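Participant: These protein sequence lines map, in sequence, to chains A and B.
Here the first sequence is numbered in this note's numbering, starting from 1 and rising by one per residue.
Here the second sequence is numbered in this note's numbering, starting from 1001 and rising by one per residue.
Hints are computed from structural coordinates only; laboratory data are not their basis.
Incorrect hints may have been included.
[To be verified] The following residues of chain B were derived to be distant from chain A, with all beta-carbon distances above 12 Å:
#1 Leu1014
#2 Ala1019
#3 Gly1041
#4 Asp1046
#5 Ile1051
#6 Val1053
#7 Leu1056
#8 Met1059
#9 Glu1063
#10 Thr1067
#11 Asn1087
#12 Glu1090
[Unchecked claim] List time: in silico EDC-like cross-link candidates among lysine to aspartate or glutamate, alpha-carbon distance up to 20 Å:
#13 B:Lys1011 / A:Asp122
#14 B:Lys1028 / A:Asp77
#15 A:Lys91 / A:Asp122
#16 A:Lys315 / B:Glu1043
Quick caveat: nothing in here was measured; it's all calculated off a predicted structure.
Heads up, the beta-carbon is just placed ideally off N, CA and C, and yes, glycines get one too.
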Amino acid sequence: MTARELKGIAASDGIAIGPAFCYAVPLLTIPTRTPEQPNVELARFQSAQEQARMELKGLRENVAARTRGDEFAAIFDAHEMMLDDPMLADKVGSKIQQGIIVEQAVADATQELASLLANMEDELFAARAADVQDVGRRVLRILLGLPDTALNSLQNPSIIIAQDLTPSDTARLDPALALGFCTALGGLTSHSAILARTLGLPAVVGLGASALASMKSGQMLVMDGGSGTLVVDPPEETLTRYRAIKREKEIRLEAIKASARTEACTANGRRVEVAANIGEVETAREAVEFGAEGVGLLRTEFLYLNETRAPDENKQYGIYKAIFDVMGQRPVIIRTLDIGGDKPPSYMPFPQEMNPFLGWRAIRMCMDDTPLFKTQLRAILRAAAGHNVRIMFPMIIGLDELMCARGTVAQAEAELREAGLPCAVNVPVGIMVETPAAAVLVDVLAEAADFFSLGTNDLTQYTLAVDRGNEKVAGLFQPLHPAVLRMIKMTIDGAHRKGKWVGMCGELAGMQKAIPILLGMGLDEFSMASRSIPLAKNLIGKFSDERARQVCEQALSLATAQEIEDYMKGVLAGLDA
Amino acid sequence: MIESKFTVTHKVGLHARPASLFVKQANKFTSRISVRNLTSGEEPVDAKSIISVLTLGVMQNHEILITAEGADEEVAVQALGELVKSNFGEA
């Protein structure tokens, strides 16, 4: 037996190994019989409609329970609406009046309605034709007195091979028996692909009819939904390789799930917060999935860039609220607009500058354009009602700036209250520490800042006077440079002396080689890309505060970034030993 | 008879959840309600039929005309208009 490797569309990540179960959609043969009186035929349609409604409600509940939400269960909601669509009843009714038997009438009517949709130009709309057909088949199957699906005959854990799967088929797949599925048709956005991802079922779609035609039930298969690969009759070495990958993935997934439930603690039980840096609402969902305990940095630039005009208050409100809703009661730090002449939006007149990074940017620009700044603050305060939100200003270098920006927040709040609009009050206000000025002045700034967050990318750039975009000096951009580490320590010590907490939302916070040092300095919050969270939580749990302090002290005693890197490599290697 | 124009701002247009909500809302009224896609210029269709509403192919920023005729025509157009204007409750 020779192995055959097939390539399709990677629809849902995951590896499955097992025998094939070739599923052919049961043929629904329309009987040849003499039509009864129209009212009898019509009554049969109505009772089939009623049973279909019950089945759809059952499927809806089943999927909602398995996907912890209504989002995908809504597919069956839509099916129910199609079932009850007046167009369907009209078409079936008039065909029956013409002396056509109900089975034929349902088949023809749904086919006509499906082709109305299938002929539409937009792919998204055309894809709904499959839903109409699914509904039609359901009613016809009920009329023929057949059970819900032939997939019921699946008895051993198998990989399902099919021409295509309807959403109804996919939803009915028993996770204990269906290891995954591969289809000849379908695309990434088909309901089945979406459902597979939600149910965590590996799937490869669009393999092509000819590739699957020769396959037989019971043939050994290996499928990788992450790369869209299907191997038929795999040799032993392929099986071994995929078993290892599968195990590795499972372990990683377990680690992620475990960390999502646990709070980050040092080995001696001190709580530190591990949060996520996010932008849009999708990234908020990802943050929750990876176990973020909050958001340490919500960037707002995406709202302004790639637009033709500045987003108005309501638009911003809607987007912020959607993100806050995803995070629930977890703390969210939202940073006000941080743009400059290096990347100006098309609708904002930015002057040509010699040094955009030292120029009119971030809070400096916002303070000069009060309407723009206040619009954002109003949207934030409104969306923050009922949530745990904090506001953070970028690029602050002095107390006067901070007082002035806080004043604008107070004004925005007063305006909203006067207008009777619900909004959050007494929202904590903090600043990014990304300039040496802010680091050195942290005790002064603590007079008006409720918290601090170290932006290490810019802090490194400004402390070392190195443009990280410039290839010639990129090698000098060293976040573990002793000068940068001292800036960070100065900030943390200064803020703690004033009773204020300090977080970090720069890349350093998620770096394994930096985390022990930062822990030793007493950093209160680590905010990073969501995907780094599980490993960061894990690493934090391996260090006692005492040990972290020793590591930090040792690192700070070294003279160069290279020495610090080497030392940290040794510390991390020692953990695995 | 009452009719009114609205712009659909929702990013998926009258599709998926917005289309479902729209048709469900329309079905709450006894009036005959039709909807037309003014941007593409298609013929008006029954607002109570999900399949018909989908065939309009209303996408983001398309303008639609809602027409109602019957006992509750005024509230019907108002309620459907509110739904569209509220961006289908997604603000």
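Participant: If a hint holds in the structure, say so; if it doesn't, say that too.
Facilitator: Against the structure, the hints come out as follows:
no., hint, result
1, Leu1014, "violated, 9 Å"
2, Ala1019, "violated, 8 Å"
3, Gly1041, "holds, 14 Å"
4, Asp1046, "violated, 6 Å"
5, Ile1051, "violated, 5 Å"
6, Val1053, "violated, 10 Å"
7, Leu1056, "violated, 9 Å"
8, Met1059, "violated, 7 Å"
9, Glu1063, "holds, 17 Å"
10, Thr1067, "holds, 17 Å"
11, Asn1087, "violated, 7 Å"
12, Glu1090, "violated, 7 Å"
13, B:Lys1011 / A:Asp122, "holds, 14 Å"
14, B:Lys1028 / A:Asp77, "holds, 17 Å"
15, A:Lys91 / A:Asp122, "violated, 25 Å"
16, A:Lys315 / B:Glu1043, "violated, 32 Å"
Comparing the model with each numbered hint stated earlier shows that hints 1, 2, 4, 5, 6, 7, 8, 11, 12, 15, 16 do not hold.
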